[in-house]
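Participant: Chains as they are written, first to last, in our numbering: chain A, 19 to 150; chain B, 19 to 150; chain C, 19 to 150; chain D, 19 to 150; chain E, 19 to 150; chain F, 19 to 150.
Hint data in this document are derived by calculation from the structure and do not stem from the laboratory.
You may find that some hints are simply not true.
Heads up, the list lumps identical chains together, so a pair's fine if it works in one copy or across two of them.
[To be verified] List of simulated lysine to any residue pairs, SDA-like, C-alpha gap at most 20 Å:
{"hint": "1", "residue 1": "Lys72", "residue 2": "Gln141"}
{"hint": "2", "residue 1": "Lys46", "residue 2": "Lys72"}
{"hint": "3", "residue 1": "Lys72", "residue 2": "Pro61"}
{"hint": "4", "residue 1": "Lys46", "residue 2": "Gln147"}
{"hint": "5", "residue 1": "Lys72", "residue 2": "Val62"}
{"hint": "6", "residue 1": "Lys149", "residue 2": "Glu77"}
{"hint": "7", "residue 1": "Lys112", "residue 2": "Asn100"}
{"hint": "8", "residue 1": "Lys46", "residue 2": "Glu26"}
{"hint": "9", "residue 1": "Lys46", "residue 2": "Gly78"}
{"hint": "10", "residue 1": "Lys72", "residue 2": "Asp48"}
{"hint": "11", "residue 1": "Lys46", "residue 2": "Ala113"}
As the structure is a computational prediction, the values presented were derived from the model and not from experiment.
6 protein chains.
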Amino acid sequence: MATLGLIEYQDASPEVRAVYDDIMATRKTDWINNFWKALANDPVTLRRTWRNIKEIMGEGGALDRLTKEMIYVAVSVTNQCNYCIASHTAGARKAGMTDAMFGELMAVVGMANETNRLASGYQVEVDEQFKA
Amino acid sequence: MATLGLIEYQDASPEVRAVYDDIMATRKTDWINNFWKALANDPVTLRRTWRNIKEIMGEGGALDRLTKEMIYVAVSVTNQCNYCIASHTAGARKAGMTDAMFGELMAVVGMANETNRLASGYQVEVDEQFKA
Amino acid sequence: MATLGLIEYQDASPEVRAVYDDIMATRKTDWINNFWKALANDPVTLRRTWRNIKEIMGEGGALDRLTKEMIYVAVSVTNQCNYCIASHTAGARKAGMTDAMFGELMAVVGMANETNRLASGYQVEVDEQFKA
Amino acid sequence: MATLGLIEYQDASPEVRAVYDDIMATRKTDWINNFWKALANDPVTLRRTWRNIKEIMGEGGALDRLTKEMIYVAVSVTNQCNYCIASHTAGARKAGMTDAMFGELMAVVGMANETNRLASGYQVEVDEQFKA
Amino acid sequence: MATLGLIEYQDASPEVRAVYDDIMATRKTDWINNFWKALANDPVTLRRTWRNIKEIMGEGGALDRLTKEMIYVAVSVTNQCNYCIASHTAGARKAGMTDAMFGELMAVVGMANETNRLASGYQVEVDEQFKA
Amino acid sequence: MATLGLIEYQDASPEVRAVYDDIMATRKTDWINNFWKALANDPVTLRRTWRNIKEIMGEGGALDRLTKEMIYVAVSVTNQCNYCIASHTAGARKAGMTDAMFGELMAVVGMANETNRLASGYQVEVDEQFKA
């Protein structure tokens, strides 16, 4: 089979279930989204990816949850990853992103993608002031 | 000539000088970075780009300046635009980004770029919950 | 019409049929996938692209078929090209890619996309040792 | 050695020299740019790539040389490929691109990169009218 | 709601209607495509984006409409933006792009994406001649 | 300061030194490349990234070291990450990549980047056979 199926909780190994349980407990939800059910085909990657996400996206750091989710959306939009745009826009909404915030987020992401190309196309050299 | 030179203030037309003056006044600085001096070869693009940046990156919206600058860095890093990484990292620093914030910003950007590809590579379909 | 139709064998010119015949003979299959049927709208591009693919992906070189197909998947996932992910994952499967190999392939592709951005974001300079 | 050297004409095999000769004759120049000297480390890729470029970028098709070179620049800027931006901007200049044309080319490339992300970020579905 | 709805004309504010009216008048059409209906959720971005598009894609500059639309397609294909590929391929068709032109456009875009990576992968340095 | 300095071994905290020691022991080398010295500014990211790399790139899995390094190069070239191209091409060389292998790797990467865009540009739909 070219594509791998989604591993549902009832069909999962104890190792995979342990990750699923931790995802639901951490997120205070009672369901697992497809991303994790797909990764579960490779339990090593499932465990490593969840451990990393938990460390990076967790509370208590220098950036709040909403800011991190908006940065995640910015990257996903730039890469045109449909799944990630849908899931992390939902995540940012859950973390408090308003329509006005979403609008400004898109405006900055669009503008950054534009000026990134203007800078490269005009072959602009980095100013000494930015190297200091 | 394949590449265009940088237009310095003393060599600029009144139209270009007016944009330069507004950039310096808005940013409360006494210099213009190379990006604008390169765009000045096309005064229409210079004027339009500055007008857009001023509208998008200005104060008073739903997102604060620091958040916007970090989003700008996230996009620039994802696109691997060296000039923009240098200039907007400096901009974020100026807006208050600490070393700890920068570290977390990079962590999120790196992770998002990774999971974007895991989602696509595993051909994960968008959950109904994210479409609601 | 904005999009071009697919050119089926029975509707194809002798020139296009010759390429289709060679694709099926080379691949030992009795069908043509949509990519080629779309390219057939431009017979010059069809012929050139097939000639290149045949030269690059053929047997007998320094890299075996499976390795080449996995590299193809790595690029397609990085570019988020849905068609190419589907077709080349199938191609890699046909060439012997196991679930375990697919899992490791995705892990490396994900990690590489992450560290590519960490290297750029931290503005890391190339070590002298790598230039030697 | 991590990086491969450039193959100069005097050190090249007869096979590589034949390609170099054809490049110079076709372009009516007396030098070879570094791209080809690097590819010459793999004569098969050198020959295939030059054959493709000659077929695609040659005169007599539906698009003129200048339009093709500007499209080449548009792609290279979007991909942030410094070498290709430099070489194809020079190529477009040679084919007649004026400063005004370059300015408009950059404006379109920048804007397209922006609206590509707005379309994805807002998760816009394709209109029926565009599928017709 | 994770995704924003499309704002139809009858539900739009006077500010949004004014933009819609200008789009239809400028394009001599009687309908608005989904991109603008989605942006209308943020009237500031709607107005700015249309103003920019009108300035950049308008008639009377150094590049004709067809060339600009083909450049737009080249960028959208490189970024793999499905919406933009569909809408701007339609736009280029409307501006006069023939099947033969489309075929050559795709050929150049494909080739540029290939040689962009060959140049980077072989770590080719920019020739002095291209810096002049 | 806009850019962060490199943390040398003698200036590193015990936590960072422990990672450096493990890198050198695992790789059987006596030096640390700049990537890790830059990440050391954020010890949490340094530790996490090295742990991930060690798990993913280690021996004993379904893919051998050389294959993994070539996949890493394929991704880095596609993303145009200069640092990663230099470091992982060196890594692949060390793992046994010959000039012939490198040539074929580049050929596949280039071709994949080309056909990714042809597939998207022609708006090719995924064949049912690839979904099975």
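Participant: Please go over all the hints and tell whether each is borne out by the structure.
Facilitator: Quick rundown of the hints versus the structure:
1. Taking the shortest alpha-carbon separations for Lys72 and Gln141, neither the intra-copy value of 39 Å nor the inter-copy value of 23 Å comes in at or below 20 Å.
2. In this assembly of identical chains, the alpha carbons of Lys46 and Lys72 lie at most 20 Å apart only when taken from the same copy (13 Å versus 32 Å across copies).
3. In the homo-oligomer, the alpha carbons of Lys72 and Pro61 lie at most 20 Å apart both inside one protomer (16 Å) and across protomers (17 Å), since each shortest distance falls under that limit.
4. When the C-alpha separation of Lys46 and Gln147 is checked against a cutoff of 20 Å, the pair qualifies only between copies, where the shortest distance is 15 Å, while the shortest distance within a copy is 47 Å.
5. In this assembly of identical chains, the alpha carbons of Lys72 and Val62 lie at most 20 Å apart whether taken from the same copy (15 Å) or from different copies (13 Å).
6. Taking the shortest Cα distances, Lys149 and Glu77 never come within 20 Å of each other, neither inside one copy (32 Å) nor across copies (26 Å).
7. For a Cα distance limit of 20 Å, the shortest separation of Lys112 from Asn100 inside one copy, 18 Å, qualifies, whereas the shortest one across copies, 27 Å, does not.
8. In this assembly of identical chains, Lys46 and Glu26 lie within 20 Å of each other by CA distance solely inside one copy; the values are 18 Å within and 37 Å between copies.
9. For the homomeric pair Lys46 and Gly78, the shortest alpha-carbon distance inside one copy (17 Å) is at most 20 Å, but the shortest distance between copies (34 Å) is not.
10. For the homomeric pair Lys72 and Asp48, the shortest alpha-carbon distance inside one copy (17 Å) is at most 20 Å, but the shortest distance between copies (33 Å) is not.
11. Proximity of Lys46 and Ala113 under a CA criterion of 20 Å is satisfied intra-copy only: 13 Å inside one chain copy versus 34 Å between copies.
When held up to the earlier numbered hints, the structure conflicts with 1 and 6 and fits the remainder.
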